[in-house]
Amino acid sequence: MNNPIIRRELFGILQSRRALALQVAIATTFAFLVVLRWPTDATIGIGGSQSQEVFRLFGYGLLATVILLVPAFPATTIVREKRSGTLALLLNSPMSPVAIYFGKLFGVLGFALMLLGMTLPAAAACYAMGGISFQQEVLVLFAVLIVVVVQCATLGLLVSSFAGTTDSALRITYGLVLLCTVIVLGPHLFLQGQDGILATAAARLRHLSPIPAVMELLRHSGIGGEGIVAASGAPARYITIGLGTSILSMAVTISRLNSSIFDRSRSQGLITDDRELSTRVVRRAVFLVDPQRRKSSISWLTNPVMVKEFRCRRFGRIHWLLRMVAACAVLSLLLSIASTTGTMDWDVETIGGILVVLQVGLIVLLTPSLAAGLISTEQESGGWQLLQMTPLTANKILRGKLMSVVWTLILILFATLPGYAVMMYIDPKMKLQIQRVLICLVSTAGFSLIVSAAVGCFFKRTAPAIITSYLVLFAIYALTLLIWLGRDAPFGHSAVETALKINPLATTLSVIKAPGFESYELLPANWWFMGIASASSAILLITQTWRLMRPR
Amino acid sequence: MQANGPVVSIEHLSKRFGEFVALNDVSISLDRSRILGIIGPNGAGKTTMIKILVGLAKPSEGTASIAGVDCVREARKIKHLVGYMPDVFGSYDNMRVHEYLDFFGAAFGIKRKVRRTRIQEVMETTGSTYMQDRYVETLSHGMRQRIGIARTLLHDPEVLIFDEPANGLDPQARVEMRELLLRLSAMEKTLIVTSHILPELSRICDRVAIITKGNLRAFGTLDDIMRTVNERRTIEVQLVSGEDIESAQSILEKCTEDGTEITASPSEAMVRFATSQSELELSETLKKLVNGNVAVSQFRELQSSLEDAFLSVTKGDETAEEADQQTEEPS
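Keeping their order, the protein sequence lines are chains A and B.
Going by the working numbering, the letters in the first sequence line up with residues 1 to 552, in that order.
Going by the working numbering, the letters in the second sequence line up with residues 1001 to 1331, in that order.
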């Protein structure tokens, strides 16, 4: 603890009320899981099935918690210091880049391991129930989780050293975590059972993700396990690859921690309109919508706040949106083509399920980063005071800000329509289902947007606003799926159905009759939930915006 | 809108945050095309007063109006009358200067064609045309201040309020800022400027208000302020030779009031003293020095600056505070 950065980072986190709430919540939740299945009579199954059920929930819950919580802390730490100027002070001190890096890393790791430590009593109780090996299961599970923590922390720090703003750092880090944990499993799902280099590469690629390792440890091969669970040795492979990627991330980040991180000349504001004809032609072809073109004045028909939001967000700029729309369109078509070529054993429902998961994943990943900072970013940058000084009403400002996110989400949703069109072409009977799915997706996007914006408007800084919004959305979309993972045992059908009623993703999957979700009737309860939650969030958002606009 | 009378009128303005008094019974009025400099230490209540004027804060008591429009009840109208540049710039990332100004122009409802011309005009006025394609976040502090001023001019407001416009500027940029503010005043704008850089303020302001701990300690022209704040003036006596120092000191001790602080600098052959004597009394003092065989080469009053006035006020506050503390201490 001689490194002052460790003390500042770790104690800084620990002194916050949020950290205390997090620790208490985690300890309570995992203790509750064990209590739920603790034997109530004198007899106990010696096969250990009961403890195995609890251990599964425990393992998945812990993995989800680590993946959701840990990246938020390292992702903002370097970029925040870079923006506030304190990184320059640190680099100017006698501390070496290695000491600075490890100070930050150990600060994050200390807190994350403390969170893991909070679950040790629950793990011990699972073990006490019998049927679980301490060395081969409990210990290895914790080893895997520690590697996940290290991997997320090093990845977050790496992104943070490149990012220009805290919200972009968070968005990219969560995007990469999603890539490394879920998306890397995709190619293997497509290519399993085939021979060749691609299939072998896909099989190896999935070891970047901790999910196969955890599933193997939890002896899970049911729904969701198809094609994901490795035959054997997944934990060892993941630990090796996870540590390898972490060391790589460390090396790159440390190499960036020097004066060159600030050694950039100021942009001279080159404008395409002022360049040579050949350059203009090339840029027109490459960009379609050139970000360096001189913009025309804002029309009186458009909301100036909406235009401002599009212009001042790097990600919001139209050329990025077009790229994303193109990628979404291509991906959705590829999935549909994969099912029609007959190389897979998947039916239309499975393909539809994958499309839904990808779309909702994209919505959940993008929406908080776009919507949560709508008000807090203005407050943090001092722009809110300037907006207050204009004749714009709270209503117009809010509408402009929300519309900038709505258009982005509409474009993304539209981009995935070709896939559904192909599905309807393959199986015309699915028309009604697909219509319902589309309604679900639109309401999911609207719900995510309004909830994120409402959560974020209560913060004065962008980073905590985005992190909290992510946590709220992940709790709704991902944590309820944990209960679904424990369906039949320990949770009964009605308990799972009740939990899933608040989950828009599960509802959409149940509408499309995706495997594992066919038996749940989640409509119209979910629409009621989303409607009420959206309305309440909208009221909160409007009230808070109006409150912030008033003279104080 | 009032054609005659003060443009800015503040009457018995107070603002309390719980127990803390940020402003206490402040009254100020300012005529058209005047430049008012508000000075005071950090936390004196300058920004609170400005925020009330621009409709961002509500007073606990009193009224404030601009061009006859009440700053609290008619906050929307005030936004058209006032251009406000806060001490925080309020930049938007990835936005070019032209886009930035275009956004605020649109927010003020300026029509597209007019806006284009207006943006060019305000950029010319502030000397920032060359940076129209630069990204706002890449601008230096001085450049940002210019753009901030350009933004406040977009809707052609009657009153301009700048919170610390010279803060963090290099000497060259300060001179340019001073010229810009004078140019704006020449355009018949009424300016209210807060600053810590007092020499700058004293060069441009025709009215000065000194605020400490929420109280208006002095208000008026610079000369008025000097007279109010500096009850004693400092007189400097330059002698031909350092040998006369002692006799000069003893003469001055006799002919000035009790407790007068007399400082001597033999190496410079100079004696200074602070006195509240009138012009006539001073001429008598000089006569006595000459009659006492002291060779005087210069006898002049030291010009006190706004800085002296400000220090004198804040020093007075500190003394009063110390006295209060001593009274409160149990014997």
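Calculated directly from the structure, the hints in this document are not laboratory data.
A virtual CB, placed ideally from N, CA and C, is assigned to each residue, including glycine.
A couple of the hints might just be wrong.
Cut-off 27 Å, straight-line C-alpha distance, at most; resulting in silico cross-link-like pairs (BS3-like, lysine-lysine) [said to hold, decoys possible]: (1) B/1287 / A/396; (2) A/295 / B/1077; (3) A/429 / A/295; (4) B/1077 / A/396.
Computed spacing ranges between beta-carbons, pair by pair [stated by the list, open to error]: (5) A/550 / B/1220: 28 to 36 Å; (6) B/1156 / A/284: 32 to 40 Å; (7) A/283 / B/1016: 55 to 63 Å; (8) A/273 / B/1156: 23 to 31 Å; (9) A/399 / B/1172: 37 to 45 Å.
Note whether the CB distance of residue 399 of chain A and residue 1172 of chain B lies within 37 to 45 Å or breaks it. 44 Å, holds
Note whether the CB distance of residue 1156 of chain B and residue 284 of chain A lies within 32 to 40 Å or breaks it. 38 Å, holds
Is the Cα-Cα distance between residue 429 of chain A and residue 295 of chain A 27 Å or less? 47 Å, violated
Between residue 295 of chain A and residue 1077 of chain B, is the straight-line Cα distance small enough, at 27 Å or below? 30 Å, violated
Please check whether residue 550 of chain A and residue 1220 of chain B have a Cβ separation lying inside 28 to 36 Å. Given about 35 Å between the Cβ atoms, the range holds.
Please check whether residue 283 of chain A and residue 1016 of chain B have a Cβ separation lying inside 55 to 63 Å. 58 Å, holds
Do the alpha carbons of residue 1287 of chain B and residue 396 of chain A lie within 27 Å of each other, as the hint requires? 76 Å, violated
Would you check the hint for residue 1077 of chain B and residue 396 of chain A, treating anything up to 27 Å between C-alpha atoms as holding? 17 Å, holds
That 23 to 31 Å hint for residue 273 of chain A and residue 1156 of chain B (C-beta), does it hold up? 29 Å, holds
The structure is inconsistent with the numbered hints 1, 2 and 3, although it conforms to all the rest.
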